[in-house]
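Participant: Given next are the chains, with one letter for each unit.
4 protein chains.
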Amino acid sequence: MSKNRLEAFSDGVFAVAITLLVIEIAVPTGEDLWHQLKEEWPSFASFFVSFWVIGIIWVNHHGVLDHLKRADRWVLYLNLLLLMTVVFIPFSTALLAEHLKSGADEEVAAVVYSAAFTAMGLAFASLWTYITRHRAALGVKLSDDEVRRTNVVFLIGNPVYGIALVVAFISPAAVLVINGAVAIYYMVVGMRSPDL
Amino acid sequence: MSKNRLEAFSDGVFAVAITLLVIEIAVPTGEDLWHQLKEEWPSFASFFVSFWVIGIIWVNHHGVLDHLKRADRWVLYLNLLLLMTVVFIPFSTALLAEHLKSGADEEVAAVVYSAAFTAMGLAFASLWTYITRHRAALGVKLSDDEVRRTNVVFLIGNPVYGIALVVAFISPAAVLVINGAVAIYYMVVGMRSPDL
Amino acid sequence: MSKNRLEAFSDGVFAVAITLLVIEIAVPTGEDLWHQLKEEWPSFASFFVSFWVIGIIWVNHHGVLDHLKRADRWVLYLNLLLLMTVVFIPFSTALLAEHLKSGADEEVAAVVYSAAFTAMGLAFASLWTYITRHRAALGVKLSDDEVRRTNVVFLIGNPVYGIALVVAFISPAAVLVINGAVAIYYMVVGMRSPDL
Amino acid sequence: MSKNRLEAFSDGVFAVAITLLVIEIAVPTGEDLWHQLKEEWPSFASFFVSFWVIGIIWVNHHGVLDHLKRADRWVLYLNLLLLMTVVFIPFSTALLAEHLKSGADEEVAAVVYSAAFTAMGLAFASLWTYITRHRAALGVKLSDDEVRRTNVVFLIGNPVYGIALVVAFISPAAVLVINGAVAIYYMVVGMRSPDL
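The listed protein sequences derive, respectively, from chains R, B, L and E. The working numbering applies: residue 1 is where the first sequence begins, and numbers increase by one. The working numbering applies: residue 1 is where the second sequence begins, and numbers increase by one. The working numbering applies: residue 1 is where the third sequence begins, and numbers increase by one. The working numbering applies: residue 1 is where the fourth sequence begins, and numbers increase by one.
Hints listed in this document are in silico derivations from the structure and should not be mistaken for laboratory results. Heads up, some of the hints might be wrong.
Which copy is meant is left open, so a pair is good if it fits within one copy or across any two.
[Said to hold, decoys possible] Restricting the straight-line Cα-Cα distance to at most 20 Å, the calculated cross-link-like pairs of lysine to aspartate or glutamate (EDC-like) are:
| # | residue 1 | residue 2 |
| --- | --- | --- |
| 1 | K101 | D32 |
| 2 | K3 | D66 |
| 3 | K38 | D145 |
| 4 | K101 | E31 |
| 5 | K101 | D66 |
| 6 | K3 | E107 |
| 7 | K38 | D66 |
| 8 | K141 | D66 |
| 9 | K69 | D144 |
| 10 | K69 | E31 |
All chains should be built: construct the whole structure from the sequences, respecting the hints.
Facilitator: Encoded structure:
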């Protein structure tokens, strides 16, 4: 099975999900617009963080599928699992923004927001782990050593998403900072190891 | 006529429809968020089931078009018919979720939800049947025997969608279970017959 | 300039516009769902007609661009003009559905709905006319005779869209029938002249 | 790293953002529809201007990536930055339309609208500048002279977007005219220098 349509479909889902983030930001009406826009900072901040998290996951997804010659059914299904968590992000982002704004139960919203990223990280790790374990069948040319080094990079996001999940109970806004930091980490690592 | 744009357009529609599912989940505001999220289980459950049904239909669509060398007008039109039913699913999903939540007329909503999947199954069957009957013209290299075996797989979803349509009158929530089971069936079958 | 990205972008816009049609259908809540769904017939009918009009325009767009070897800036701009009219259709569709339901000023809504299709037909005609007049530069291999025959087919939609625009003032619901008939006409013609 | 998926993902985001513009136009209900539609002119005017600005940016983006043989991580990240500003435009467009309609704080909305385009122009300039400074590594075959001439074209939008940002404080509606003029300028320049 060729991987072209897998990429096309995934790119489509990533593109729609990343664009829908903005649809969830309520358009303020009426007077005092500066003030209203300032009050909306949680919407802009969570839009910003979620945009970059999805963007970086797309870059890494790109990097992973580049290694594949062909896809099997498990790759399709694990990829669908990953896409399901990506599609969920506009919801969790709007939920966090809404509750950071109102101040009501913001810890709960931050837990859901972090849990969504944790699920995304785990789905990505499953896809990556499956691919590295079936390198021969999928036509992946990576040595054991390369896999080991890449594992460290791709899987390190997960404990950090987990930490964000715990921090959510204490400081909901810190969750944005931690998840934004994971995105920056991947950007920096990606630039240093261009073959990822 | 080449099939590249047919695939690109179809992938786009599948990608948008599968991502729009989440847009229909209302973002709860205010206090008691844990409780509200628990009350929203029908939204999450129907999002989950519809995501996998669309995802698996996309995988099977992929499998079907892979056999084609070229497309004719009937393929384009039957494919549009299939896409119309796919595009309808975010609506039927939101309808079911809404009525499972409120408890009002949930049987009716479950009937609409099942009818949408039944229509999708029939549209898929029409496309598949047309393709197998015009193998020479479309450049499909499948023996009669392969077609017969694949028919069983591709068409078995239809009676089950039909059963879900009847069950909807009795137990609306069971509809989610049955349709989820069809998706799982196709996942398992797909893994066993990788050439589908 | 290659035409690949022109096709990819156009397919994306067509795919999003055709899927957004369903987002504009309000999800009925509460009791009496059968009755409510029956009352919503204008939403379903206009969704249905608009889906097929966009779908057929996509098929014809496909047919037109297939002739091109390369695109120039005018092709890009006239294509953008066409896409602008396509993007507008979810709005005009929702407007017609809303006013057919309430019965308030339905003629005005039907005029806007027809005007949107008329604009789409004119944009398509402009793109097609430009391409046929610059066949050498765009690498189109069509004889004068083929162009003349295809002109009849591609341009006949326009007077009919114009007639629908007039009929809108008298019978708003008839507008759906006329525009649906244009889509069917193109489906039938397309099947008879597969090289279009 | 190949640039295919970069283009596919970017085209997807452009396509979704340009189509979402129409979703933000409220569908008027009830009587006096002609009057209501006339009152909605700011929605139509800003839809129109934003559609063409995004459309022309897509054409120019197309032109820029056509020069590349391959992409590196910086190209991916600067491209994501550009896409983030594009994704924001349906929000700033709806904000301007809303406030031009109500007349409340329209200057503030016009400032946000212009700022969004200014940010888009700067992101585009960053991407273009990075690419021209790393021509060898990215496989770009442009002479210093060609880069200098193209710089003038690609970067001239920025001061004009900046002027619109200042004009916004005085005449909010003029902002639409200025930004529309930038789009027209790029259309005319693009037709004169087809190799861009």
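Participant: Could you run down the list of hints and mark each one as holding or not?
Facilitator: So, going through the hints one by one against the coordinates:
1. Both within a single protomer and between protomers do K101 and D32 lie at most 20 Å apart by alpha-carbon distance, with minima of 17 Å and 15 Å respectively.
2. Taking the shortest alpha-carbon separations for K3 and D66, both the intra-copy value of 10 Å and the inter-copy value of 11 Å come in at or below 20 Å.
3. Taking CA atoms no more than 20 Å apart as the test, K38 paired with D145 passes in neither setting, with 49 Å inside one copy and 45 Å between copies.
4. Within a single copy, K101 and E31 get their C-alpha atoms as close as 18 Å, and across copies as close as 12 Å, so both meet the 20 Å cut-off.
5. With identical chains, the CA atoms of K101 and D66 are never at most 20 Å apart, being 41 Å at best within one copy and 43 Å at best between copies.
6. For the homomeric pair K3 and E107, neither the shortest alpha-carbon distance inside one copy (41 Å) nor that between copies (41 Å) is at most 20 Å.
7. Taking the shortest Cα distances, K38 and D66 never come within 20 Å of each other, neither inside one copy (42 Å) nor across copies (40 Å).
8. With identical chains, the CA atoms of K141 and D66 are at most 20 Å apart within one copy only, with a shortest distance of 11 Å there and 25 Å across copies.
9. In the homo-oligomer, the alpha carbons of K69 and D144 lie at most 20 Å apart inside one protomer (18 Å), although the nearest pairing across protomers, at 30 Å, exceeds that limit.
10. For the homomeric pair K69 and E31, neither the shortest alpha-carbon distance inside one copy (57 Å) nor that between copies (50 Å) is at most 20 Å.
Against the hints set out earlier in the document, violations occur for numbers 3, 5, 6, 7, 10.
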